[in-house]
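Please construct the entire structure, taking both the sequences and the accompanying hints into account.
First to last, the protein sequences are chains A and B.
For the first sequence, the working numbering gives the first residue as 1, with consecutive numbering after it.
For the second sequence, the working numbering gives the first residue as 1, with consecutive numbering after it.
Everything labelled a hint here was simulated from the structure, so no lab data went into it.
Straight-line alpha carbon distances no greater than 25 Å define the calculated DSS-like cross-link-like pairs of lysine-lysine that follow:
1) K216(B) with K73(A)
2) K2(A) with K175(B)
3) K73(A) with K2(B)
4) K73(B) with K5(A)
5) K9(B) with K2(A)
6) K73(A) with K5(B)
7) K198(B) with K48(A)
8) K2(A) with K2(B)
9) K300(A) with K175(A)
10) K9(A) with K73(B)
11) K9(B) with K73(A)
12) K175(B) with K5(A)
13) K2(A) with K73(B)
14) K198(A) with K48(B)
15) K216(A) with K73(B)
16) K5(B) with K175(A)
17) K246(A) with K270(A)
18) K2(B) with K175(A)
19) K5(B) with K68(A)
20) K9(A) with K9(B)
21) K175(A) with K9(B)
22) K5(A) with K68(B)
23) K2(B) with K9(A)
24) K9(A) with K175(B)
25) K301(B) with K246(B)
Everything numeric in this text was worked out from a predicted model, so none of it was measured.
Protein chains: 2
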Amino acid sequence: MKIGKQTIKLENTPKILNTSSMVGPKEMQGPLSSYFELHTDDIFFGEKSFEKAESKIMKTCVDNLIAKNGLSKEDIDYIFAGDLLNQCISSAYCIRDLNIPFFGLYGACSTFCEGLMLASLFVNAGYAQKVIATTSSHFCSAERQFRMPLEHGNQLSPTAQCTVTASGSALIVPKDVNSDSPYITYVTPGKIVDMGIKDMTNMGAAMAPSAYSTIKAHLQDTGRSIDYYDAIVTGDLGIIGSDILKDLFKEDGLDISEIHNDCGVLIYDKDSQDTHCGGSGCGCMASVFSGYFYEQLKTKKLNKILIVATGALMSPVSSQQGESIPGIAHAVAIENEV
Amino acid sequence: MKIGKQTIKLENTPKILNTSSMVGPKEMQGPLSSYFELHTDDIFFGEKSFEKAESKIMKTCVDNLIAKNGLSKEDIDYIFAGDLLNQCISSAYCIRDLNIPFFGLYGACSTFCEGLMLASLFVNAGYAQKVIATTSSHFCSAERQFRMPLEHGNQLSPTAQCTVTASGSALIVPKDVNSDSPYITYVTPGKIVDMGIKDMTNMGAAMAPSAYSTIKAHLQDTGRSIDYYDAIVTGDLGIIGSDILKDLFKEDGLDISEIHNDCGVLIYDKDSQDTHCGGSGCGCMASVFSGYFYEQLKTKKLNKILIVATGALMSPVSSQQGESIPGIAHAVAIENEV
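Following this line, the structure appears as structure tokens:
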């Protein structure tokens with residue numbers, strides 16, 4: 001049921017039965033390494049190209065999710081997937097091999113929450129019993145897609161973020177499935193917000209206003225206050241974007257600094273890992289949610305969280321043509337009790 | 001409610017309240033010209049780039065859909081949109097200006113049916129009252145995206161298709177809205193089918209097996225026979241792809257030649273327009289359905305149709321890396337009586 005201006009209440013509170021995460025070598029050197037289920041030390045993951053490696057990381061992550069729940073791929077009703085590559089080839093080649101009816105998504109780095117929203121809305125409406133949402137990104141495929149080939153050896157701007165090599169996947173089921181898994185209670189699909197940022201190396205600044213817009217809409221629509229949640233987790237605003245988000249709320253007289261976390265800030269050690277403003281990419285929230293935050297929910301260290309994946313909807317072509325960077329953010333409320 | 005292996009029955013039968021279509025100059029020289037609502041004779045549509053022109057065509061098409069139903073953009077709950085461009089920039093820049101909560105999709109040329117499925121499932125579940133699905137494509141932006149810049153002046157292969165410069169949009173509302181508009185009764189999301197075709201200039205051959213797979217699944221799931229429908233309409237298989245589809249059904253002992261139509265075949269005059277195997281692109285089914293077939297339904301010349309948009313999920317990068325072309329097709333059943 002739609003409530004307020006853009007939020008949907010999931011009256012049947014579907015569950016996130018389980019998650020799966022896989023990361024690359026750099027992410028395994030970061031502070032969250034113990035939370036990631038699978039990893040590879042080989043940035044090519046045994047493949048001949050970065051794009052094929054990314055697709056195989058997603059496939060390995062999804063295969064693991066299916067297998068560890070004692071399921072086979074035929075048991076999955078639908079899969080929602082997306083990535084950052086041109087024409088979303090990481091997802092397409094992954095899901096070709098899975099043979100599951102497929103909805104392709106593109107929401108840049110917001111795609112994990114976009115998929116989670118749609119998967120949970122499908123289960124909530126009784127359209128399906130088992131739906132997977134997954135996304136991936138890869139540092140090397142993203143660099144040559146959006147910036148420069150690695151061979152170019154260009155220096156990163158201090159505002160830049162490092163695309164995470166990772167995938168995360170979540171399996172959504174009806175609430176009556178026997179498990180103490182957390183529920184999805186509300187989703188707030190975002191509007192595009194574009195404040196005119198044109199700097200492709202400052203994604204955090206481009207995306208922060210959209211995170212602000214969606215979180216604010218979510219709170220207004222649900223009547224909840226900021227402190228209802230144990231944590232409000234953005235996807236990949238990074239250090240600068242997170243500061244902007246906090247400043248925007250400060251202008252409303254709200255201090256979110258205690259409960260705000262950003263997956264892009266959490267995934268790397270900023271002092272030792274040379275990742276500038278932090279991590280980014282479709283795989284950032286996907287892996288950090290599926291690895292770290294899902295564990296925090298299961299162990300009741302956190303009981304009510306709002307995850308807000310943020311995306312920058314430009315392309316190199318639109319930037320070359322002088323366009324600014326449109327941002328979008330999608331929010332999903334996840335709670336241990338309903 | 002899910003029925004069979006991959007189909008969802010829409011028990012609340014949402015309506016396609018209205019559609020809107022806009023095409024470019026070449027499409028206005030084709031046999032369906034009288035059915036398209038809007039057109040431009042300027043391939044740049046007053047913009048400085050083909051990409052900006054494409055986005056403006058989508059925006060004009062959606063604006064028209066909203067305005068002609070006496071609505072404002074604030075009345076629209078959600079919009080599902082996608083296009084063929086890298087990072088879907090046609091949709092992103094269109095919807096930035098619309099300020100409607102947005103789900104970005106990528107299903108290549110299958111995206112129109114992907115959006116129509118999700119929009120109608122949202123309305124069916126009571127998540128929204130007014131949802132728009134839209135897609136666009138542009139010959140010139142697609143050529144430089146997937147093939148060669150136009151300045152290169154390369155010759156097209158005889159199996160090639162011509163990307164349609166067009167957009168189509170549909171407004172989905174609950175069935176109790178007073179209007180004699182057609183209903184959406186079933187949707188069948190497709191699986192990826194890849195028969196190993198690697199020729200980027202023969203999309204019809206790459207996509208035909210996925211159309212066959214989805215139509216067959218739809219018929220099995222619903223228990224309907226081919227002749228239940230007045231027309232089975234594929235998106236952009238073109239001449240060769242349509243022949244392959246008919247051959248595949250012939251192997252099952254089924255003759256679909258009388259009721260099969262393909263938007264890519266219908267949109268151009270093959271003898272006079274030098275479009276080789278016909279039209280293709282996200283805008284092909286979008287404009288031909290929104291222009292021609294919606295009119296056929298409203299005037300009761302057709303009462304039960306199955307539209308099946310087909311997509312080729314490769315990118316130039318995956319083709320350069322030696323990958324074959326994964327195909328996908330999504331089917332939507334539209335009927336005047338329920």
